[in-house]
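**Student:** Listed here are the chains, written in short residue letters.
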Amino acid sequence: MDPNLLTHWQNISGFLGFYYIALALMNGIAAFVVWRRSHATVGPVLLLLLSLVYVGVLAPLAFSADATWMPRMPSWFTQLTNEILGGSWGAVIYTVGSIVLLGGLFVARKFFVRPDVAWILLNASLLALGLSFSDPNFYAIAAKPDNVPIVGLIFLLGFFTWLATSRAVENDARALEGRPPLEKENDEKILVWPDLVYTELICMILLTALLLFWAIGLDAPLEEPASSVKTPNPSKAPWYFLGLQEMLVYFDPWMAGVVLPSLIVVGLMAIPYLDFNPKGNGYYTIEDRKFSYLMYQFGFLVLWITLIVLGTFLRGPNWNIFAVYEYWDPHKVEALNNIDLSNMFWEQLMGVSLPKAPNEAGFFTQLGFILYREWLGIAVTLLYFIMLPPLMAATVFRGFFVKMGFMRFMVMSNLILFMALLPIKMVLRWTVNLKYIIAIPEYFLNL
Amino acid sequence: MPATDRSSLSDAIRNSQIWKSIFRHPAPLDRRNRIVVVLTNFFLHLHPVSIKKQGIALSFTWCMGGVTFFLFLVETITGVLLMFYYRPTLEWAFQDILSLRDVASLGILRELHRWGAHAMVITVWLHMYRVFLTGSYKPPREFNWVIGVILLLLTLLLSFTGYLLPWDQLAIWAITVGSNMARATPFLGYEGPGQALFNVGGIDMITSASDARFMLLGERSVGEVTLNRFYILHCIAIPLAVAFLLAIHFWRVRKDGGISGPL
Chain A
0 MDPNLLTHWQ NISGFLGFYY IALALMNGIA AFVVWRRSHA TVGPVLLLLL SLVYVGVLAP
60 LAFSADATWM PRMPSWFTQL TNEILGGSWG AVIYTVGSIV LLGGLFVARK FFVRPDVAWI
120 LLNASLLALG LSFSDPNFYA IAAKPDNVPI VGLIFLLGFF TWLATSRAVE NDARALEGRP
180 PLEKENDEKI LVWPDLVYTE LICMILLTAL LLFWAIGLDA PLEEPASSVK TPNPSKAPWY
240 FLGLQEMLVY FDPWMAGVVL PSLIVVGLMA IPYLDFNPKG NGYYTIEDRK FSYLMYQFGF
300 LVLWITLIVL GTFLRGPNWN IFAVYEYWDP HKVEALNNID LSNMFWEQLM GVSLPKAPNE
360 AGFFTQLGFI LYREWLGIAV TLLYFIMLPP LMAATVFRGF FVKMGFMRFM VMSNLILFMA
420 LLPIKMVLRW TVNLKYIIAI PEYFLNL
Chain B
0 MPATDRSSLS DAIRNSQIWK SIFRHPAPLD RRNRIVVVLT NFFLHLHPVS IKKQGIALSF
60 TWCMGGVTFF LFLVETITGV LLMFYYRPTL EWAFQDILSL RDVASLGILR ELHRWGAHAM
120 VITVWLHMYR VFLTGSYKPP REFNWVIGVI LLLLTLLLSF TGYLLPWDQL AIWAITVGSN
180 MARATPFLGY EGPGQALFNV GGIDMITSAS DARFMLLGER SVGEVTLNRF YILHCIAIPL
240 AVAFLLAIHF WRVRKDGGIS GPL
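Chains as they are written, first to last, in numbering that gives the first Met the number 0: chain A, 0 to 446; chain B, 0 to 262.
It should be emphasised that the hints constitute simulated quantities derived from the structure, not laboratory data.
For each residue, glycine too, the CB sits at the ideal point set by N, CA and C.
You may find that some hints are simply not true.
Said to hold, decoys possible - Which residues of chain A face chain B? A partial, calculated answer using Cβ under 10 angstroms:
{"no.": "1", "residue": "Phe17"}
{"no.": "2", "residue": "Phe110"}
{"no.": "3", "residue": "Arg166"}
{"no.": "4", "residue": "Asn170"}
{"no.": "5", "residue": "Ile189"}
{"no.": "6", "residue": "Leu221"}
{"no.": "7", "residue": "Pro224"}
{"no.": "8", "residue": "Leu243"}
{"no.": "9", "residue": "Asp274"}
{"no.": "10", "residue": "Lys278"}
{"no.": "11", "residue": "Leu335"}
{"no.": "12", "residue": "Ile338"}
{"no.": "13", "residue": "Tyr442"}
{"no.": "14", "residue": "Leu444"}
Claimed, not checked - The calculated DSS-like cross-link candidates involving lysine-lysine, where the alpha carbons are at most 30 angstroms apart (straight line), are:
{"no.": "15", "chain 1": "A", "residue 1": "Lys424", "chain 2": "A", "residue 2": "Lys355"}
{"no.": "16", "chain 1": "A", "residue 1": "Lys278", "chain 2": "A", "residue 2": "Lys355"}
{"no.": "17", "chain 1": "B", "residue 1": "Lys254", "chain 2": "A", "residue 2": "Lys278"}
{"no.": "18", "chain 1": "B", "residue 1": "Lys52", "chain 2": "A", "residue 2": "Lys183"}
{"no.": "19", "chain 1": "A", "residue 1": "Lys434", "chain 2": "A", "residue 2": "Lys289"}
{"no.": "20", "chain 1": "A", "residue 1": "Lys188", "chain 2": "B", "residue 2": "Lys52"}
Please put together the full structure from these sequences, using the hints given.
**Tutor:** Dropping the structure here:
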């Protein structure tokens, strides 16, 4: 038995014990609510049994911090996770896995919005979180004070996505039957005093209580005094910018830090002027506005949130990928042999060295040689941004083009193409180790 | 009888000159007075008098915009209190943060401020998520969505500028990583594409002492000038901009027809 592990268990046993008691309470309250609402017996009894398992088995075992009995993730699971996520394919598996998971949730949304299914998933994820806390490496990263909000964010997003999707699924089913959306049912007007004013008051009180408990229970992080000579490894941006920092793996700073963030802001502002669909205003729906729904979810949940989660929990020293149960070893080596498109074309395909201007050549000769060297990447990029929009307008987005007109369609298609640059660059990196499509380090212009 | 005593005491309070001078009306119990109270009360006049029932259903609104505004108020109040203790200088910044934890009464002021800030970033995202999922940016509310995007950006900048103030390792390196991006701004960063275009008579105009990053930091690396800049941005400049835009944001909610709903 590793003495460090035992110390870790003794340190967190109190917290974990109360964590399982909280889970028991959560299920007990759910049992009561379900029984009050439906007077069914099977559901409440199962919930009560689950509650009893938490309070009667898991909580005492967690309090015990006993070497044999401490509830923990099975070691085959942690080792498998470390093998899969911590290996050289970690980023690929994580990203593709997230897309497959979210896609699966979307496709089978009618199944996953069922309250019983959602409740089982919530319990499973909370239980997995509790069991994982027993792992010191997991605890070190998940319970780091500034990372706690992100753990909360994951659960909040899960909850609200479930809430919105379940209402959208219901509204879409009602639309099929020719009935108005749920929101139409509560059409009558009520007075702001007392209904809204009191809701606001209760929200404020609950939120104040939550903030107070949070502030008392968890100290704000404070590290050593600032030193401009001691660079921490890894150096991370604040958590809400970690998606942008993650883009640095695939793009140079001018793209990842300036152009793409600016386009995110511009693109968000442009949404109301690009979405010409009058349906889906003021009620939850998916079927009435599938395209804009999928676009937003891809940008928000896949490209923004999963990258933040990746940057927060999986990126360790030297910006290498570490699985959640893996020790952050600063000496972990990841082979990096990425090459540019121009290398591929000239050296690998043509078998010659890169074209290079004579050293004493003038500015325009130099520039000419650079353009000649990078002609393939420049051509590909120009084709991508100039040829694809008309092609899209003529084929898959024909209906959009007709309704939107030239300008709006061009803005939308270019924004989508810019958004698609990130997944494209990711796939090219993973499959052919592509570093830059255009590599002009002479002018800091690498794409 | 205790019950009578209590009611007579509360009656006495409610009938006192002080109480009546503060609350101009008795508690509104009938329809007419409930309308009047919203119209005549300074704090309530942001609200409409009546609202569709679904407009206040938590399962529809998630209350996230309101929660974000409340957190902004919490941040303002705790922020002002923190300013009494904190001096944005290399000599004192870190020491003052230490004292806030170890010496100041209660010692959770900074915790409230920091966790409130993280929560505010999250609730802004959730508010935007809800507004998108209900299609509430559609006409006639397009421009309010645009203001909302600016407010989202300002919220992130508020959090970012505040991140530096504790002046610990976490702070300066997060800001260093974040602000290094500005070095690569096209045309305006000294390592950005097109930087060489601003060249007058063979002299580069965009250098490490004149580029976008320098404007942000006030020097070549994160130091005392940066601390001062971020302090002023965090405590004065950005909050003023947020307050201004919030006023428009709320006003537009009312003018654009209240909270969205199906036609």
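**Student:** It remains to establish, for every hint, whether it holds in the given structure.
**Tutor:** Against the structure, the hints come out as follows:
1. Phe17: violated, 19 angstroms
2. Phe110: violated, 20 angstroms
3. Arg166: It holds, given that the least Cβ distance between arginine 166 of chain A and chain B is near 7 angstroms, below 10 angstroms.
4. Asn170: Nearest chain B Cβ about 9 angstroms off; hint holds.
5. Ile189: holds, 5 angstroms
6. Leu221: For leucine 221 of chain A, the interface hint holds, since the closest Cβ of chain B sits about 5 angstroms away, which is under 10 angstroms.
7. Pro224: holds, 5 angstroms
8. Leu243: holds, 8 angstroms
9. Asp274: This interface hint holds because 7 angstroms falls under the 10 angstroms limit.
10. Lys278: Holds: closest Cβ of chain B sits about 8 angstroms from lysine 278 of chain A, inside 10 angstroms.
11. Leu335: Violated, because the Cβ-Cβ distance from leucine 335 of chain A to chain B comes to roughly 20 angstroms (cut-off 10 angstroms).
12. Ile338: Given a least distance of 21 angstroms, the restraint on isoleucine 338 of chain A is violated.
13. Tyr442: Holds, because the Cβ-Cβ distance from tyrosine 442 of chain A to chain B comes to roughly 6 angstroms (cut-off 10 angstroms).
14. Leu444: holds, 4 angstroms
15. A:Lys424 x A:Lys355: Holds, because 26 angstroms separates the two Cα atoms, which is no more than 30 angstroms.
16. A:Lys278 x A:Lys355: Roughly 57 angstroms separates the two Cα atoms, so the pair is violated.
17. B:Lys254 x A:Lys278: holds, 21 angstroms
18. B:Lys52 x A:Lys183: holds, 10 angstroms
19. A:Lys434 x A:Lys289: violated, 34 angstroms
20. A:Lys188 x B:Lys52: holds, 6 angstroms
In summary, the structure is inconsistent with hints 1, 2, 11, 12, 16, 19 from the numbered list given earlier, while agreeing with the others.
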